[in-house]
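Go ahead and model the full structure; you've got the sequences and the hints to work with.
Residue numbers (our numbering), protein chains in the order written: chain A, 9 to 291; chain B, 156 to 292.
Among these hints, one or two may not hold up.
Listed below are the simulated PhoX-like cross-link pairs for lysine-lysine, each with C-alpha atoms no more than 25 Å apart in a straight line [what the hints assert, rightly or not]:
no.: 1; chain 1: B; residue 1: Lys278; chain 2: B; residue 2: Lys206
no.: 2; chain 1: A; residue 1: Lys176; chain 2: A; residue 2: Lys114
no.: 3; chain 1: B; residue 1: Lys278; chain 2: B; residue 2: Lys181
no.: 4; chain 1: A; residue 1: Lys83; chain 2: A; residue 2: Lys191
no.: 5; chain 1: A; residue 1: Lys161; chain 2: A; residue 2: Lys127
no.: 6; chain 1: A; residue 1: Lys78; chain 2: A; residue 2: Lys161
no.: 7; chain 1: B; residue 1: Lys206; chain 2: A; residue 2: Lys161
no.: 8; chain 1: A; residue 1: Lys83; chain 2: A; residue 2: Lys23
no.: 9; chain 1: A; residue 1: Lys161; chain 2: B; residue 2: Lys287
no.: 10; chain 1: A; residue 1: Lys161; chain 2: B; residue 2: Lys181
no.: 11; chain 1: B; residue 1: Lys253; chain 2: A; residue 2: Lys56
no.: 12; chain 1: B; residue 1: Lys206; chain 2: B; residue 2: Lys253
no.: 13; chain 1: A; residue 1: Lys26; chain 2: A; residue 2: Lys176
no.: 14; chain 1: B; residue 1: Lys206; chain 2: B; residue 2: Lys264
no.: 15; chain 1: B; residue 1: Lys243; chain 2: B; residue 2: Lys287
no.: 16; chain 1: B; residue 1: Lys278; chain 2: B; residue 2: Lys264
no.: 17; chain 1: A; residue 1: Lys56; chain 2: B; residue 2: Lys287
no.: 18; chain 1: A; residue 1: Lys82; chain 2: A; residue 2: Lys23
no.: 19; chain 1: A; residue 1: Lys112; chain 2: A; residue 2: Lys82
no.: 20; chain 1: B; residue 1: Lys253; chain 2: A; residue 2: Lys161
no.: 21; chain 1: A; residue 1: Lys49; chain 2: B; residue 2: Lys206
no.: 22; chain 1: A; residue 1: Lys56; chain 2: A; residue 2: Lys176
no.: 23; chain 1: B; residue 1: Lys271; chain 2: B; residue 2: Lys253
no.: 24; chain 1: A; residue 1: Lys112; chain 2: A; residue 2: Lys49
no.: 25; chain 1: B; residue 1: Lys206; chain 2: A; residue 2: Lys56
no.: 26; chain 1: B; residue 1: Lys278; chain 2: B; residue 2: Lys243
no.: 27; chain 1: A; residue 1: Lys39; chain 2: A; residue 2: Lys114
no.: 28; chain 1: A; residue 1: Lys49; chain 2: B; residue 2: Lys243
no.: 29; chain 1: B; residue 1: Lys271; chain 2: A; residue 2: Lys161
no.: 30; chain 1: A; residue 1: Lys191; chain 2: A; residue 2: Lys39
In short, the hints are calculated from the structure, not lab data. Keep in mind it's a predicted model, so treat the numbers as computed, not measured.
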Amino acid sequence: MASLREIQTRINSTKSTKQITKAMNMVSASKLNRAQAHSAKFQPYMLKMQEVLGTIANGTTGASHPMLEKRPVKKTGYIVITSDRGLAGAYNANVLREVYREIKEKHTTDSYVLFVVGKVGVQFFRSRGITVTDAITGLNDSPSYVDVAEIVKRTVSAFTVGEIDELKLCYNHFLSVISQEVKVETLLPLGEIEASSSTTYEYEPSEEQILAELLPRYAESLIFGALLDAKVAEHASRMTAMQSATDNADDLIGRLTLVYNRARQAAITQEITEIVSGAAAQQ
Amino acid sequence: MNTLHVNIVTPDGEVYDGDIRMVVAKTISGEIGVLPHHVPLVTPLDISILKLRHEDGGRTLIAISGGFMEVRQDTVTVLAETAEQADKVDYDRAAAAKVRAERRLQDTKLSELEFKRAELSLKRAINRLSLKDYGRD
Numbered sequence: 009m010a011s012l013r014e015i016q017t018r019i020n021s022t023k024s025t026k027q028i029t030k031a032m033n034m035v036s037a038s039k040l041n042r043a044q045a046h047s048a049k050f051q052p053y054m055l056k057m058q059e060v061l062g063t064i065a066n067g068t069t070g071a072s073h074p075m076l077e078k079r080p081v082k083k084t085g086y087i088v089i090t091s092d093r094g095l096a097g098a099y100n101a102n103v104l105r106e107v108y109r110e111i112k113e114k115h116t117t118d119s120y121v122l123f124v125v126g127k128v129g130v131q132f133f134r135s136r137g138i139t140v141t142d143a144i145t146g147l148n149d150s151p152s153y154v155d156v157a158e159i160v161k162r163t164v165s166a167f168t169v170g171e172i173d174e175l176k177l178c179y180n181h182f183l184s185v186i187s188q189e190v191k192v193e194t195l196l197p198l199g200e201i202e203a204s205s206s207t208t209y210e211y212e213p214s215e216e217q218i219l220a221e222l223l224p225r226y227a228e229s230l231i232f233g234a235l236l237d238a239k240v241a242e243h244a245s246r247m248t249a250m251q252s253a254t255d256n257a258d259d260l261i262g263r264l265t266l267v268y269n270r271a272r273q274a275a276i277t278q279e280i281t282e283i284v285s286g287a288a289a290q291q
Numbered sequence: 156m157n158t159l160h161v162n163i164v165t166p167d168g169e170v171y172d173g174d175i176r177m178v179v180a181k182t183i184s185g186e187i188g189v190l191p192h193h194v195p196l197v198t199p200l201d202i203s204i205l206k207l208r209h210e211d212g213g214r215t216l217i218a219i220s221g222g223f224m225e226v227r228q229d230t231v232t233v234l235a236e237t238a239e240q241a242d243k244v245d246y247d248r249a250a251a252a253k254v255r256a257e258r259r260l261q262d263t264k265l266s267e268l269e270f271k272r273a274e275l276s277l278k279r280a281i282n283r284l285s286l287k288d289y290g291r292d
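Structure below.
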């Protein structure tokens, strides 16, 4: 059995680890709140845009746009959203595993390009010798639209100019604080857009032109929406991971304390035995 | 009541929400004024200053960097990537952006896309800065 002092050292180190995980848990909880609020603020924009687009798409039969049409896929673009920092449970591993599998299954070396968000993802692909075409790292915890506008626009324009024929979005979708789901969605070409209203609008200057202006923006805001969603999921995932780390630390401390007490008692018993037998020998 | 409900939303949240007598906006094909009982309309907006005329005669100016305006049943919704009222604009940042964009435009080796991007960024900066002088008259 380990000596009393060894056990005490282990208890102390577990305690300090627990302090850290607990602090991280609380930090993530408050960040999660903020991220959720941010995501909620973005919703009206998204909904409104969907509504207008849906109305246009439904009202016009003749209007078409390259972003709506399927074409033979020679090259696929992937947007992979990961976090900058680890210690978020299986958050990054889940999405990266999914993307890696998809790439291995469906693609040869030059039939795909990767746009990666987050350091963890960039390192993952670099270490496997996969080229990352474009990356953003060091994004703050509630990114504003302006922060990501550049990469988002570049990605969407890669589709418009024909560099890629399909754009997929891979990220963690926030279901609840304890569960996140990996999503791989085809973003472009855009599928059907649901219409919710049937107002007939006047278009200024023309429907086609409006569609040409609106569709890229729509795609951009879908990416931004996914990014916000992934941020929420990241904080939730980190929070749960840190919560269970704290719980585990508690368990471990409990068990170690038990061992410590037993060892202490054994030592005391032994001392008493020694004293008693020493006294008996004197008589 | 003869008012329009104006709602300006950006991806980072709602910027303005209120009742207004008239909206003057600059579309990509020219200026347009919207009064109550306007027909339903959808139009893209230019990088410009959106003018909201209040019922008491006062006005609110908002710098927007492109976007859309939807008019329906006395409700005007503006979707913009960014929208700022005069007191929210970071003028120092806009001035810096202007200088940066101007310098980039000097570069003769720019591709067409890069040139266009720099041009747009210059336009946005000038638009924001113009809000400062607008407030004075």
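Results for each hint:
1. Distance restraint check for Lys278 of chain B and Lys206 of chain B: the Cα-Cα separation of roughly 18 Å lies within the 25 Å cut-off, and the hinted pair is therefore satisfied.
2. Straight-line distance between C-alpha atoms of Lys176 of chain A and Lys114 of chain A comes to about 13 Å, which keeps the hinted pair within the 25 Å bound.
3. Restraint check: the Cα-Cα separation between Lys278 of chain B and Lys181 of chain B comes to about 14 Å, which is no more than 25 Å; the hinted pair holds.
4. Between Lys83 of chain A and Lys191 of chain A the CA atoms are separated by roughly 20 Å; this keeps the pair inside 25 Å, and the hint holds.
5. In summary, the hint linking Lys161 of chain A to Lys127 of chain A is supported, as the alpha carbons are separated by about 20 Å, within the 25 Å threshold.
6. About 20 Å separates the Cα atoms of Lys78 of chain A and Lys161 of chain A, which keeps this hinted pair within 25 Å; it holds.
7. Restraint check for Lys206 of chain B and Lys161 of chain A: not satisfied, since their Cα atoms lie roughly 28 Å apart, outside the 25 Å limit.
8. For the given pair, Lys83 of chain A sits about 52 Å from Lys23 of chain A by alpha-carbon distance, which is inconsistent with the 25 Å threshold.
9. Among the hinted pairs, Lys161 of chain A with Lys287 of chain B is inconsistent with the structure: their alpha-carbon atoms are about 29 Å apart, more than 25 Å.
10. Restraint check for Lys161 of chain A and Lys181 of chain B: the C-alpha separation of about 24 Å stays at or below 25 Å, so the hint holds.
11. With a CA separation close to 31 Å, the supplied pair Lys253 of chain B and Lys56 of chain A exceeds the 25 Å bound.
12. A threshold of 25 Å between alpha carbons decides the hint, and for Lys206 of chain B with Lys253 of chain B the separation of about 23 Å falls inside it, so the pair holds.
13. Between the alpha carbons of Lys26 of chain A and Lys176 of chain A the distance comes to roughly 39 Å, so the proposed pair goes past 25 Å and is violated.
14. Distance hint between Lys206 of chain B and Lys264 of chain B is unfulfilled; the C-alpha atoms sit about 38 Å from each other, more than 25 Å.
15. Between Lys243 of chain B and Lys287 of chain B, the direct Cα distance comes to roughly 11 Å. Compliance with the 25 Å bound is thereby established for this hinted pair.
16. Distance hint between Lys278 of chain B and Lys264 of chain B is fulfilled; the C-alpha atoms sit about 20 Å from each other, no more than 25 Å.
17. About 30 Å separates the Cα atoms of Lys56 of chain A and Lys287 of chain B, which puts this hinted pair outside 25 Å; it is violated.
18. Taking the CA atoms of Lys82 of chain A and Lys23 of chain A, the gap is about 55 Å. The hint is violated against a cut of 25 Å.
19. Taking the CA atoms of Lys112 of chain A and Lys82 of chain A, the gap is near 16 Å; set against the 25 Å cutoff, the hint holds.
20. At most 25 Å may separate the alpha-carbon atoms for a hinted pair to count; Lys253 of chain B and Lys161 of chain A meet this at roughly 21 Å.
21. A distance of roughly 24 Å separates the Cα atoms of Lys49 of chain A and Lys206 of chain B; the hinted pair therefore holds under the 25 Å criterion.
22. Taken as a hint, the Lys56 of chain A and Lys176 of chain A pair is honoured in the structure, with Cα atoms around 23 Å apart against an allowance of 25 Å.
23. Proposed proximity of Lys271 of chain B and Lys253 of chain B is supported: the alpha carbons are some 14 Å apart, at most 25 Å.
24. The hinted pair formed by Lys112 of chain A and Lys49 of chain A fails the criterion: a straight-line CA distance of about 38 Å is larger than 25 Å.
25. For the proposed pair Lys206 of chain B and Lys56 of chain A, the alpha carbon gap of about 21 Å is at most 25 Å, so the pair holds.
26. Simply put, Lys278 of chain B and Lys243 of chain B have alpha-carbon atoms about 18 Å apart, close enough for the 25 Å limit, and the pair holds.
27. The hinted pair formed by Lys39 of chain A and Lys114 of chain A fails the criterion: a straight-line CA distance of about 37 Å is larger than 25 Å.
28. Between the alpha carbons of Lys49 of chain A and Lys243 of chain B the distance comes to roughly 18 Å, so the proposed pair stays at or under 25 Å and holds.
29. Only pairs whose Cα atoms come within 25 Å are accepted, and Lys271 of chain B paired with Lys161 of chain A is accepted, the gap being roughly 13 Å.
30. Distance hint between Lys191 of chain A and Lys39 of chain A is fulfilled; the C-alpha atoms sit about 22 Å from each other, no more than 25 Å.
Hint compliance for this structure: hints 7, 8, 9, 11, 13, 14, 17, 18, 24 and 27 are broken, all remaining hints hold.
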